[in-house]
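Engineer: Keeping their order, the protein sequence lines are chains X and R. What the first sequence shows, in the numbering used here, is residues 1 to 288, in sequence order. What the second sequence shows, in the numbering used here, is residues 1001 to 1359, in sequence order.
In short, the hints are calculated from the structure, not lab data. Just so it is clear, CB atoms sit at the ideal spot from N, CA and C, and this is done for glycine as well. There could be a bad hint or two in this list.
Which stretches of chain X does chain R cover? Using the computed rule of at least three CB atoms under 8 Å from a CB of chain R, they are [unchecked claim]:
#1 95–106
#2 234–244
To give a feel for the contact side, a few chain R residues facing chain X, derived at Cβ under 7 Å [said to hold, decoys possible]:
#3 Asp1080
#4 Gly1081
#5 Ala1083
#6 Glu1084
#7 Thr1087
#8 Ala1096
#9 Val1097
#10 Pro1098
#11 Val1100
#12 Tyr1102
#13 Asp1103
#14 Val1107
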Amino acid sequence: MSQPPGPPATPDALEARIGELRAAVRRAMAAGERDAARDLRAQLRDAERSWDDAVLGSPPRSPARPAGPPADRPAAARRGMLPVRERVHQALTLLGVPAAPKLIGSVYAAFLPGEIPGARLTSLRRDEERSFRTAPYARPYYMCAVLTADLLAPARGLLAISTWPLELRVAGPLSARADFLTAAVRLAEHAVRGGRPVAPDAQRLLWRFASNIPGATGDTVGTVDPAVLIEAARAELDVHRDADRELRERAARRARAQLDDAERLFGSPLRALRRAANGSATHGEDER
Amino acid sequence: MTETAPDLDRLRGGTPPRNHDARTIAALTANPGCARRGVMDAAGVDKDAVARYLGFGAPFGQSQFAITRGNAFEAQVKADGCAELLTLLRDRLGLAVPEVAYDDLEVVAGNEGREVRHARTRRLLGRALDSGEGTLFDHPLLRLEIAGQPAYLEPDVIAFQLEGRLHIIEIKSFAVVDGQAEPEQVAAAARQAAVYVLALRRLVGELGHDPARVSHDIFLVCPENFSNRPTATPLDVRPQLAVLERQLARLTRVDRILAALPGDLTFEEGDGLAESVRTVEARYAPDCMATCEMALFCRDEARACGATGALGRSVRDDLGGVDSVQTALALADGSLARRTTSPRRPPSSVPPPGSAPRP
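Put together the whole structure using the sequences plus the hints.
Structural biologist: What follows is the structure, encoded as structure tokens:
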């Protein structure tokens, strides 16, 4: 949704529009349509900024402005109109491996338009789990947890996509490193796709990977040759791949045998211990 | 030592115990004669809450900024499967490329219970010692016997296995500029690390291995110069270990202190709290201000009764058995000395400890 095109509006027209938008935001909130309300608020802020410009006389920014690079577009567009879960999905698809919210945020900021507000990520997994438990498989995919290989419990601070094979969604002791290297390869491949020069943001992100992979850095600090990075990451990945895959496959087999659908996505709590600690099964709703 | 556990639970008044960390243990060894601190720490009493209830809450604790900075740096070093840490260890210690295993022991399947975590720590470290499996163990929960009581330690460190030996890695956020760091900070870090080394050695011993497999060389990971880039410095903590072992052995055993206390004593919040706290003798010195949450309360008490310790540990030691300032002054101006000791004795001299006259 963008601003109405055309000549700069008069303050009166803008005031009318601001009034309308405020009412619309209120209606949307009352109806519980949070996404719609957020969009409307973004428009409202734009209208208010135009009013500021028109009345207080700051440099004319809105008229005749082409839809330029992301940084020039209004805040609403820069933040992206996609819901957070869609954005996380995009970033994770790009990475191809489970990742921590911080990395997801940097990947999105470096390669995709806009950014992911960090605060929204903290509750995402919980929201997804609640949604899945109330209506299983109602959505095409869920942002789910990564299961630890030994206890099949949710690993701390990692997000994955429910449509990935279970082998990818369990993590053994070597998986963190293996996933880091896989992510480096995938991001470097993405960066050179299309033959464009690597953008500064992406360059910075790739440097973070390259500086921690032996043999991946070139001569100058801060610049990365994606081809070198890919080669170095693959070389180290070859060392860990087999051991990691074996652990993951074994854990995935166990998860398939022991866990139900929801637990396979969001992990199982330590039931036996908890029951022992409480003396009796007071956590009935968690039990199968 | 297990028979005192119910007494300690009662002291705490039904609230869950607080974990020791290296900071509290290092502080404990700094003032081994303080029965109040010994009992409250052994019972895991929330001293901060008690002090606040009594109206002596510390107006400021550890700086929030320092804590945030420390956490951010630690998160950075450990991000992406300890990527930066692995790079450091490979560069400085020649860690082999296949050694990248990382086990998080901070939470066990969403369960933060101390017994569960300690059991897992034991299991994984035992496996590592037996078969060499595993490289980095984040946040192991260790146990150390303090004054006859087993205390859980919440180490903010990574145990790291290299060629069958375990090392402690401590991540600190003070900068190492040009190879130099602030000596005070390094000393504090070394003291804390020594506690972890000792606890880890006990654990390794319990698992039936040679305690010497835990190295006395620890690795301090700090930001380098004025950047955010981490650097690792090896630090020999043998001196700190020796001091710590001696101090821990000297600590008055808690069960002996408990035996002398009334049977219904509790530190539960309520009207009698101040009275209960006063029942246990404290040994206040100004250094307590830096390490103990109860310090303001003890200082108030020490000043009210004119204890010599309030003037500093050296003053208290110099005055030997004279335990109040009034007595010392009376002795100094001669009013007390003339009555009880020989008049020919110079009034400013201090009687030897033990023979100090009482007012």
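Engineer: Now look at each hint and say whether the structure bears it out.
Structural biologist: Hints, verified against the model:
Figure legend: the region 95–106 of chain X, annotated as covered by chain R; annotation consistent (3 residues with Cβ-Cβ distances under 8 Å, at least 3 required). With a threshold of 8 Å between beta carbons, the proposed coverage of the region 234–244 of chain X by chain R holds, since 4 of its residues qualify and at least three are required. The criterion of a C-beta within 7 Å of any C-beta in chain X is met by aspartate 1080(R), whose closest approach is roughly 5 Å, and the hint holds. For glycine 1081(R), the suggested interface contact is upheld, since its CB lies about 3 Å from the closest CB of chain X, less than 7 Å.
Given the 7 Å rule on beta carbons, the hint for alanine 1083(R) holds: about 4 Å separates it from the nearest Cβ of chain X. Against a cut-off of 7 Å between C-beta atoms, the interface hint on glutamate 1084(R) holds, since the closest Cβ of chain X lies about 6 Å away. A distance limit of 7 Å between C-beta atoms decides the matter here; for threonine 1087(R) the minimum to chain X is near 5 Å, and the interface restraint holds. Interface restraint check: alanine 1096(R) against chain X, minimum CB-CB distance 9 Å, threshold 7 Å, status violated.
At a threshold of 7 Å, the smallest CB-CB gap from valine 1097(R) to chain X is about 5 Å, leaving the interface hint in force. For proline 1098(R), the shortest C-beta to C-beta distance to chain X is roughly 5 Å, which falls under 7 Å, so the interface hint holds. This hint holds: valine 1100(R) has a C-beta 4 Å from the nearest C-beta of chain X, less than the 7 Å allowed. Taken as an interface hint, tyrosine 1102(R) checks out: its beta carbon lies about 5 Å from the nearest beta carbon of chain X, inside 7 Å.
With 7 Å as the threshold, the beta carbon of aspartate 1103(R) comes within range of chain X, its nearest partner Cβ sitting at about 5 Å, so the hint holds. Given hint, valine 1107(R) at the interface with chain X, holds; its Cβ is 6 Å from that chain's nearest Cβ, closer than 7 Å.
Checked against the numbered hints above, the structure breaks only hint 8 and satisfies the rest.
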